[in-house]
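With the sequences and hints as input, model every part of the structure.
The sequence shown lines up with residues 1 to 390 when you count with UniProt numbering.
One should not assume that every hint holds.
[Stated by the list, open to error] Label-pair restraints from in silico Cβ distances:
1) K226 - Q372: 42 to 50 Å
2) Q277 - L351: 18 to 26 Å
3) N284 - E225: 44 to 52 Å
4) W292 - R254: 29 to 37 Å
5) Q217 - Q277: 37 to 45 Å
6) Q247 - E340: 19 to 27 Å
[Stated by the list, open to error] Once the Cα atoms are required to be at most 30 Å apart in a straight line, the calculated BS3-like pairs of lysine-lysine come out as:
7) K224 - K387
8) K279 - K383
9) K323 - K19
Please keep in mind that the hints were generated in silico from the structure rather than gathered at the bench. Predicted model, so just to flag it, every value in this text is computed and none were measured. We treat Cβ as the ideally placed atom computed from N, Cα and C, and that holds for glycine.
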Amino acid sequence: MSKVKRTFGTGSFNKKGEKFKTTEQVSQVLNILKENGIDELDTARLYGEGTSEELLGETSEFQAFTVSTKANPMISKLTKENITKQCDESLKAMKRSSVDIFYIHALKENGIDELDTARLYGEGTSEELLGETSEFQAFTVSTKANPMISKLTKENITKQCDESLKAMKRSSVDIFYIHAPDRETPFEETAQAINDLYQRGSFKRFGLSNFTAEEVQQMYDICKEKNYVLPSVYQGNYNPITRKNEQELFPLLRKLGICFYAYSPIAGGFLVKTPDQIKNTQANTRFDTSTWVGQYYAGLYCNETFFSALEVFQDRCKKLNIKPSEACYSWLLNHSLLKEGDAIILGASNLEQFHENLRDSRGVALNADIIQALEDLWKMVEKEAPKYHF
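In C-alpha cells, the structure reads:
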C-alpha cells in the first residue's frame, strides 16, 4: 500500500452550481468518504464563490473531518488585515474555531479522511454545502484564502478565514493556505496576518499553493526570521504531464521540510478523455472555455502536442490492459517524487465519477511497461508542459 494518502477537494461544492449544491448531496459525499477511509478535506475561501465552506459547515458529518482552507489574493490583497478577514470568514462558514492547515482532506471508505476546499469553490457555496452536512464533522478539512476574491491584506485574509469557518460551521481547520501569491501585497504583511490567525487557533498548519520555488523560500525566510508559524504544506499541480516542479520546487520543499499535496492528478480529466471529447466538451465541464476554469485548463493542455501524446498514451494503456486513470493515480502514489507525508487530492463532479476515482486511486503496482509508457508521455510533452505555479 502506498504511503501517500488521499484527500478530497471540495471545489465542486457550490450552492450556485450544477453539481454538488445541496446539503443532502454533500452529506452523501462525506459519508462515502468515511466509508472509504478518507477523513481529510481541502477547501478554500474562493471555492464555490464562498459557498463551498458553507455547505460543509451546514452538514453534521463535517465535524468528524480534518479540514484545511486557503486565503487567496484574488479575493483581496494578502495584507495582515485581509488574511485575518479571509480566515475568519472561512471559520465562520465552516462553523469551526480552527483548521488543521490553512487547507483540507477527506473520504472515509477508502481510507480518505481529509477534505480540501476553498473560499472560491462553488462561488463561495462549497464550504456552505459541507457545513450543512452531518458527515462533514468526521473529516479533517483544509481551506484557502484567495487573491481573486480580495487582495491578501491583513483585513481581507482575516475576513476570508472567518467566512470559511462560518460557512463550514467550524472554529478551526487543519491547513489554511494562501491559494496563490498576492504579488502586490508585501509578503511580510501576509505572513503576519497568517501568524495572527494561527495564534488565535484558527488552523493547525500553514500552507502555500501555486507559489514559485523562489517565493516559497521568501515566505519561509520571513516566517523564520519573525518567529511566525512556518509553511509546512505546499499544494500544487502535479501529474504525469505536469512535472516541471520536480526540477526546482521539490528539492526546496524537501530541504525545508514542507510536504506536497498534489491537485489535478489526472490533469483536470484531460488524461482520461479523448481529444474529441475535450474539443467538444459540454457546458459547465472542466474544459468549457466559456468559464474561467475552462479557459485555464484549456490553456494548460489543449494543443496538438498534448492531443497527439494523449492518443499515444491511451492506446498504450489499452494494449497494456490498464485504465489511464488507474495508471496516473498509481504512478503518483508509487512511482513519482511523492513520499510519506505527501498526498494526492481527489475530486469529482458527480457520484459515478466519484466512485470511479476512489476505485482507480487505490494505488496498484505498475509493471515496467506501464511506467515506461508514462515516462514516454512526459518526454512527448515536456518542452511544452505548463509551469507549476501561477
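Results for each hint:
no.	hint	verdict
1	K226 - Q372: 42 to 50 Å	holds, 48 Å
2	Q277 - L351: 18 to 26 Å	holds, 20 Å
3	N284 - E225: 44 to 52 Å	holds, 46 Å
4	W292 - R254: 29 to 37 Å	holds, 33 Å
5	Q217 - Q277: 37 to 45 Å	holds, 40 Å
6	Q247 - E340: 19 to 27 Å	holds, 22 Å
7	K224 - K387	holds, 27 Å
8	K279 - K383	holds, 22 Å
9	K323 - K19	holds, 25 Å
Of the numbered hints stated above, none is contradicted by the structure.
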